[in-house]
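Residue numbers (our numbering), protein chains in the order written: chain A, 1 to 407; chain W, 1 to 407.
Hints are not guaranteed to be accurate.
The list cannot tell twin chains apart, which means a pair is met if one copy fits it or any two copies do.
[Stated by the list, open to error] Using 30 Å as the maximum straight-line C-alpha spacing, the simulated DSSO-like pairs for lysine-lysine come out as follows:
| no. | residue 1 | residue 2 |
| --- | --- | --- |
| 1 | Lys-303 | Lys-319 |
| 2 | Lys-53 | Lys-399 |
| 3 | Lys-278 | Lys-220 |
| 4 | Lys-63 | Lys-285 |
| 5 | Lys-220 | Lys-114 |
| 6 | Lys-319 | Lys-114 |
| 7 | Lys-114 | Lys-141 |
| 8 | Lys-141 | Lys-319 |
| 9 | Lys-319 | Lys-191 |
These are computed hints drawn from the structure, not numbers from a lab. If you're wondering where the values come from, they're calculated on a predicted model, not measured in any experiment.
Number of protein chains: 2
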Amino acid sequence: MGLIVQKFGGSSVANADRVRNVARIITETYRRGHKVVVVLSAQGDTTDDLIEKAREINSHPSKREMDMLLSTGEQISCALCAMAIENLGCPVVSLTGWQAGVRTDSAYGNARIKRVDAERIRAELDRNAIVIVTGFQGINKYDDITTLGRGGSDTSAVALAAALHADLCQIYTDVDGVYTADPRLVPGAMKLEEITFDEMLELATLGAQVLHNRSVEMAKRYNVNLEVISSFSGQPGTKVKEVAKTMEKTHISGVAKDKNVARLALVGLEDEPGIAFKIFSLLAKNNINVDIILQSIGREDTKDISFTVVKSDMEAARKILEEHRESIHYDRIDVSDNIAKVSIVGAGMINNPGVAATMFEALFNAGINIHMISTSEIKVSVLVDAADADRAVQVVHDKFYGELTGK
Amino acid sequence: MGLIVQKFGGSSVANADRVRNVARIITETYRRGHKVVVVLSAQGDTTDDLIEKAREINSHPSKREMDMLLSTGEQISCALCAMAIENLGCPVVSLTGWQAGVRTDSAYGNARIKRVDAERIRAELDRNAIVIVTGFQGINKYDDITTLGRGGSDTSAVALAAALHADLCQIYTDVDGVYTADPRLVPGAMKLEEITFDEMLELATLGAQVLHNRSVEMAKRYNVNLEVISSFSGQPGTKVKEVAKTMEKTHISGVAKDKNVARLALVGLEDEPGIAFKIFSLLAKNNINVDIILQSIGREDTKDISFTVVKSDMEAARKILEEHRESIHYDRIDVSDNIAKVSIVGAGMINNPGVAATMFEALFNAGINIHMISTSEIKVSVLVDAADADRAVQVVHDKFYGELTGK
């Protein structure tokens, strides 16, 4: 007997059959005696179709009107899901973002939830209704409709779970949990029973697209118990919480790969104070986010600085640095986008200094060259050639999990 | 310099080109110095598509959730139209029914507007924005979305015009005004420059589907000047107002035809007091609306009562009357749905007793038999065989307008 928030993504409600499947999951939860609040995304390609309709009319529509347009997608899926639940004989009501009291700031297209005025939801729960809420949207102080941007429906679900002090927030997706590596790429990848918020955050940043970072950050801040679970398999998923059971044997929670990365190296920088500050403040001023930074001593009195950016920023970063060649003083710029970042994540590695070494050993044994290394308390990332990336994930995964999976 | 409400129907905004056309009409009005409030229907088949989506999931969805679903159609067309207006460089904002303050009762699917809290619209007009409002919808006292049922967008437009004391409410459609007869059927049918509310009401009831009755009734009540006008032709339309210019020569405003009619005749009723009351209260109790009623003396001490209903009610009416044969006392029931009602409407006929006679003469000359006659102050209706209906409209129209159109 608890209050459960269940969120279903666009592929889970893509057509009438899937809406019926979702309705079945919801009513089964309800009939086990729980109060249920449901958050839905728009059906399948609805949002893309609406964007296309807008582009036909105006190549640069205002974000305010785009939000007015796009918010209809979730309203449609919510009304349809409510009808499917009616068909199964349970009391139900669907609510838009404004009806559900989701108040946001005014950043149309990328709004942040400021608070949830949950009186209406509580009243509907008190009369024992299942409450279906449109994800991805809210209203601002002008009573205008806003959308939350990427990962918005996950964030809506966590925000509602926090506001309602829900016992659990289940994120239903088309994967059945968080794995130690991408199961489509890595034979032997295992589903994790539990993972900490911090580990999940590192994994999300590293390209494991299970949960959007904003939602995990919010869940951590308000201590909302999350579960990532499949809409299709019927199996238990992965719990995301403040403290997870430690996995004695492994220390790491997962291996992740990110190919959307490019490296720039400034070679032969004069060894003068403040040079790193000069370079990275210049890039920041131009809205270029830098990920890994490595500084090394070069020949004579010079040094080299290498760093990574997302691929789409590579040329812009090179151009800016070339324009400031005079003031920065360097010999040359090397760039490469034929690389990938492979990372291991795990709260357990803090107390196990051998973890990074184990990773390097696996890569060395496989003849994979490491270009850069970056470590944090719960993460080790390496840059390797793009061609080596999949094999790197596999050998690192085998090294840590091999004995568990019998390899 | 006035405040103009412009309403565009579903076919006027059916695709990107038509939305652009509507945006052009709106911005031209705005640039002539008027304040403009626009009411839109959903695009083309959107509403039907949404209904189909619902039926796939639940053959009897609740009306509350249907309204939640269907109201998205107008939200989409309004956002798209706002984007098209942005493209033409005018300030614009789209508003849903609740944002525009359209408050209704709680009859989901067929709600009535109770009031319009127009502060938001007035504030937007004060900052010189064009305001686009979703037709067909509002919210009830529970803050739930309601839709207005058939003709709802016309009603939305008139309600907004009344609340804002607009100088004119233009109803843009795919016809370019109100004609003296259906121009697709009757050669020589002429567009009326002006018509009174009462004449428009009679014409609407009689099957001239230009404006929905609810909107005309509301316009009459609040004395809102209406204009029926084409989105495509660019020509002036027909003004609908309290007092119209009299057309000296013709006395009638139009000829209309309604084929959705069936006649029942109770023959050989005993001539006892209260028999008409007994029959028609019985039908009313069963929600059967009766239109024309004719009572005549039969042979001996009996009489006959004939009346018309819409075709779909014919069998139900017959069944009810047969079930009560004992208490009503009649010889037999004749029914026929192979008939049509042809009517002439015109405020001018009150003072011209010869109008009805002129109509009958035209029909007699054409050899068309009249089964029933019904008259009101501004209307004469006759029942004729369905096969004669189109010819009846033509000869009556020619009789009254022939000299004007040169026949």
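Results for each hint:
Proximity of Lys-303 to Lys-319 under the C-alpha cut-off of 30 Å is restricted to the intra-copy arrangement: shortest distance 21 Å within a copy versus 100 Å between copies. In this homomeric assembly, Lys-53 and Lys-399 never come within 30 Å of each other (Cα to Cα): the closest approach is 50 Å inside a single copy and 51 Å across copies. Proximity of Lys-278 and Lys-220 under a CA criterion of 30 Å is satisfied in neither setting, with 34 Å inside one chain copy and 73 Å between copies. Taking identical chains as interchangeable, the C-alpha atoms of Lys-63 and Lys-285 lie at most 30 Å apart only when both belong to the same chain, with a minimum of 24 Å there against 54 Å between chains.
In this assembly of identical chains, the alpha carbons of Lys-220 and Lys-114 lie at most 30 Å apart only when taken from the same copy (16 Å versus 47 Å across copies). Taking the shortest Cα distances, Lys-319 and Lys-114 never come within 30 Å of each other, neither inside one copy (38 Å) nor across copies (62 Å). In this assembly of identical chains, Lys-114 and Lys-141 lie within 30 Å of each other by CA distance both inside one copy and across copies; the values are 10 Å within and 26 Å between. For the homomeric pair Lys-141 and Lys-319, neither the shortest alpha-carbon distance inside one copy (41 Å) nor that between copies (59 Å) is at most 30 Å.
Taking the shortest Cα distances, Lys-319 and Lys-191 never come within 30 Å of each other, neither inside one copy (43 Å) nor across copies (67 Å).
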